[in-house]
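*Asks:* Please arrange chain L on chain C, whose structure you already have, making use of the hints.
Number of protein chains: 2
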Amino acid sequence: MHEPNPPVLDFWYEFGSNYSYLSVMRIESLAAARGVTVRWRPFLLGPIFREFGWSTSPFVLQKEKGAYVWRDMARLCRKYHLPWRQPTVFPRPAVLPLRVALLGADRPWIGEFSRRIMQRNFVDDREIDTPDAVSDALRALALPAEAILAEAQAVDHKPRLRRQTEEARALGIFGAPTFFVADEMFWGNDRLDDALDFAVARGQ
Amino acid sequence: MHEPNPPVLDFWYEFGSNYSYLSVMRIESLAAARGVTVRWRPFLLGPIFREFGWSTSPFVLQKEKGAYVWRDMARLCRKYHLPWRQPTVFPRPAVLPLRVALLGADRPWIGEFSRRIMQRNFVDDREIDTPDAVSDALRALALPAEAILAEAQAVDHKPRLRRQTEEARALGIFGAPTFFVADEMFWGNDRLDDALDFAVARGQ
Chain C
546 MHEPNPPVLD FWYEFGSNYS YLSVMRIESL AAARGVTVRW RPFLLGPIFR EFGWSTSPFV
606 LQKEKGAYVW RDMARLCRKY HLPWRQPTVF PRPAVLPLRV ALLGADRPWI GEFSRRIMQR
666 NFVDDREIDT PDAVSDALRA LALPAEAILA EAQAVDHKPR LRRQTEEARA LGIFGAPTFF
726 VADEMFWGND RLDDALDFAV ARGQ
Chain L
546 MHEPNPPVLD FWYEFGSNYS YLSVMRIESL AAARGVTVRW RPFLLGPIFR EFGWSTSPFV
606 LQKEKGAYVW RDMARLCRKY HLPWRQPTVF PRPAVLPLRV ALLGADRPWI GEFSRRIMQR
666 NFVDDREIDT PDAVSDALRA LALPAEAILA EAQAVDHKPR LRRQTEEARA LGIFGAPTFF
726 VADEMFWGND RLDDALDFAV ARGQ
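Here the protein sequences line up with chains C and L, keeping their order.
So the first sequence is numbered by my numbering: it starts at 546 and just counts up by one.
So the second sequence is numbered by my numbering: it starts at 546 and just counts up by one.
Just chain C, same shape as in the assembly:
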């Protein structure tokens, strides 16, 4: 008897990344509609960019592309019916919310927590890398913010985000968002639909 595996998609994202914002806001409903399970894989883009010799986002380093990106984001948010405000600080540091996301990656609140952090960065234009920012998001979900923050900042949890980032690097990830279906890589929010279709086709 043929027992098909449920389709799975690995979703690598960063809270500082504007194109990750688009995918974080869209992925749960798109994946659910196709019966695809999302594995949330938060990681740090900064160390990867630094390995390429870049001190910050290429959207900052390359001014022509940077100017374009904000036009592109405004248009895409209209297309997807997502709220949008160009952040006054970019890219925003996101170590603490990423540590919490890594902690919650297999918990039912990961999607909503991630959307709230993204909304704070790309709609409310507020800092996200503070205990207050993360607590606000957790409390809004009726979660024990202090306990989760303590767990995220514990000595034994801290190295996990670094290891996850090293794993991203080893997979050849060079930007965010990136999707994997088994070892097939899809880069960028523009490929989210193709990646989900690929997951479904592979599972059949």
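Some clues are possibly wrong.
Since the list gives no way to pick one copy over another, a pair counts as held whenever it fits inside one copy or between any two copies.
As the list claims (entries may be wrong) - Derived DMTMM-like pairs (lysine to aspartate or glutamate); straight-line CA-CA distance at most 20 angstroms:
{"hint": "1", "residue 1": "Lys703", "residue 2": "Asp677"}
{"hint": "2", "residue 1": "Lys610", "residue 2": "Asp739"}
{"hint": "3", "residue 1": "Lys624", "residue 2": "Asp735"}
{"hint": "4", "residue 1": "Lys703", "residue 2": "Asp651"}
{"hint": "5", "residue 1": "Lys624", "residue 2": "Asp739"}
{"hint": "6", "residue 1": "Lys608", "residue 2": "Glu711"}
It should be emphasised that the hints constitute simulated quantities derived from the structure, not laboratory data.
*Replies:* Structure of chain L alone, referenced to chain C:
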């Protein structure tokens, strides 16, 4: 009486650019279906990359992205039902065919000529920057290859490609393909449909 302007799209492309290949092969039929007029704007990417301090394509300079791009191209060509072979030389120089394309930009053969040069680069895996390559494409269209080549290589035509490239730079173009609808920029084959829709909506 309201006299709507016919929608127009400026299409900036380079024969050495793999993502330009996708748009060159697709644009005429997609634009015709929406009643959009395409203005073909061939230009040189090399001088623009060099202004960014890059000696060649970022797909060569950044090996992670380079490895990904060939996977992405194979998948996209399957999706669009386009033939595809990864070129053994990349990016291929394309000055001569670009000069000819600039000469033919307003002539009825520009689309088919451009597709033939692209097919030679990304399907036949052959050099495109030679008089033979360009003559083959022109003759296949029953055009006077020798006369056109002579015109393209004439002293007064040669500076036009440089000027066209300077215009691209002044517009903030940083890669290919790039589409403009009036002063609205769309970068990459992934935005071709959005750019055409924008042209139609603007014309209404």
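*Asks:* All hints, please: hold or fail.
*Replies:* Checked hints:
no., hint, in the structure
1, Lys703 / Asp677, "within (19 angstroms within a copy, 62 angstroms between copies)"
2, Lys610 / Asp739, "between (24 angstroms within a copy, 18 angstroms between copies)"
3, Lys624 / Asp735, "both (12 angstroms within a copy, 14 angstroms between copies)"
4, Lys703 / Asp651, "within (17 angstroms within a copy, 61 angstroms between copies)"
5, Lys624 / Asp739, "both (18 angstroms within a copy, 9 angstroms between copies)"
6, Lys608 / Glu711, "between (28 angstroms within a copy, 17 angstroms between copies)"
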